[in-house]
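So the sequences go chain by chain: U and Y. If you want our numbering, it's the position in the first sequence, counting the first as 1, plus 168. If you want our numbering, it's the position in the second sequence, counting the first as 1, plus 168.
Simulated from the structure, these hints should not be mistaken for laboratory data. As the structure is a computational prediction, the values presented were derived from the model and not from experiment. Watch out, some of these pointers could steer you wrong.
As the list makes no split between identical chains, a pair holds if one copy fits it or if it spans any two.
In silico DSBU-like cross-links for lysine-lysine, where the CA-CA straight-line distance does not exceed 30 Å [unchecked claim]: (1) Lys202 / Lys270; (2) Lys230 / Lys397; (3) Lys309 / Lys359; (4) Lys397 / Lys174; (5) Lys265 / Lys235; (6) Lys270 / Lys397; (7) Lys174 / Lys265; (8) Lys309 / Lys268; (9) Lys265 / Lys236; (10) Lys324 / Lys202; (11) Lys175 / Lys202; (12) Lys268 / Lys354.
2 protein chains.
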Amino acid sequence: MQYETKKRSILKAISWRTWATMTTAVLVFVFTGKFALAITIGLLEVFAKMALYFFHERLWQKIGYGKKEIPSFVLWFTGLPASGKKELADRVYQQLKADKLKVERLDSHDVRPLFPETGFSPEEVNRHVKRAGHLCAMLEKNGVIVVASFVSPYVKSRIFARGVATNFVEVYMRSTVEACERRDAKGHYAKARAGEYQNFPGVDVDYDVPENPEITIDVDLVSVDDAVKQITTYLRSNILNS
Amino acid sequence: MQYETKKRSILKAISWRTWATMTTAVLVFVFTGKFALAITIGLLEVFAKMALYFFHERLWQKIGYGKKEIPSFVLWFTGLPASGKKELADRVYQQLKADKLKVERLDSHDVRPLFPETGFSPEEVNRHVKRAGHLCAMLEKNGVIVVASFVSPYVKSRIFARGVATNFVEVYMRSTVEACERRDAKGHYAKARAGEYQNFPGVDVDYDVPENPEITIDVDLVSVDDAVKQITTYLRSNILNS
């Protein structure tokens, strides 16, 4: 939670006084033609009003009127493995941070290592994604924008994540299994095809295509730069400036 | 995330101008004895400086100096079933809210229903508590104070929750199984003794007593009011005013 220090109020009083007293002195000089009088009134004003300004600031700290919260939201990236979720989500996160927004980044690769007992069966993945959705919603509820990227292949747990959030923006990374497999530098698809991984979306379990995602990125057709623009434009017109 | 509206800046300009212009007019009158001159300069000042004040405010919106975050923390209540965690945690939460702090409340009774697949075996409880600890830490990291109450009987997952948080304040509700059983209005202990519940801390599994909790509440000796005071005093001297 944020508050303003007394030092800030003092600095504001000084910076304000510099401008304001010059205005007063000029007005007095213009109307009376007396330079000394203008300086005298200006100097007296400096001390009287600097103190007054400080108390005015401290009083307004306590007044809630006109202090608003920027709406928060959950930006949820879903798509096949190697569809480019992480890279795009990272870029959007950096953009939101550069805009001085309060934003948190959650990626499956950061969360899973904390819970090594989490497996990859559909049941385990649904549990994992539901918990992640709950975490996103709690952050969102407390004024934090969340950029989340999880394969989240099953519609059941994506619906849960949507249901607990207030502003849920689903970003579907549309591609094909073949294109993702070509893109897959880490060789996960190859391992899945060789039977080293089970329950690998696109190989031995289905990826449930989102029915009504807020945003669809045609991964194989648009550049990452354009995808970032597509998402930030959506956010600006539908959430941030509404 | 919070910001201040233009309307707030306009209102501040008006309220400030009221005080400040009266000061100028009085000064001009005292030095010149000319009532009309004092009024004229005062009136001109009203318009010139109200605009200047507005721009001064908008400029300071962009300056981060002197805007501080109140430190956040995780207040984690642990103790046997029916040791009074929920009631005390609720009271402390209400107190922190009344102090205008940004605070979130997490209780096992609110979280478990969202994840009905979570069982009560030690392994499942450890998973549940670890996820809850992660959630608390993410909220804390984003400036939210968290008041959490979970039986959290196993030291393993409590250590995890402590490890991921920055300011972890463990509140141990010290009591005996006998006293908790007498206090248990919901008859959970009776069901556990009858074999309806398995893995019930204090009955068929051990509750790991915390070794170095930040706060120990002697549930059977102190009133809830005194316990609230004990906790808020600790928070004020160790975290909030440090």
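Here is how each hint holds up against the structure:
1. Lys202 / Lys270: Close neither inside one copy (53 Å) nor across copies (55 Å); limit 30 Å.
2. Lys230 / Lys397: between (39 Å within a copy, 25 Å between copies)
3. Lys309 / Lys359: neither (39 Å within a copy, 37 Å between copies)
4. Lys397 / Lys174: between (41 Å within a copy, 28 Å between copies)
5. Lys265 / Lys235: both (21 Å within a copy, 18 Å between copies)
6. Lys270 / Lys397: within (19 Å within a copy, 33 Å between copies)
7. Lys174 / Lys265: both (28 Å within a copy, 23 Å between copies)
8. Lys309 / Lys268: This pair counts as both: shortest intra-copy Cα distance 19 Å, inter-copy 16 Å.
9. Lys265 / Lys236: both (19 Å within a copy, 18 Å between copies)
10. Lys324 / Lys202: The answer is neither: 81 Å in one copy and 80 Å across copies each exceed 30 Å.
11. Lys175 / Lys202: For Lys175 and Lys202, the Cα distance exceeds 30 Å both inside one copy (36 Å) and across copies (38 Å).
12. Lys268 / Lys354: neither (34 Å within a copy, 49 Å between copies)
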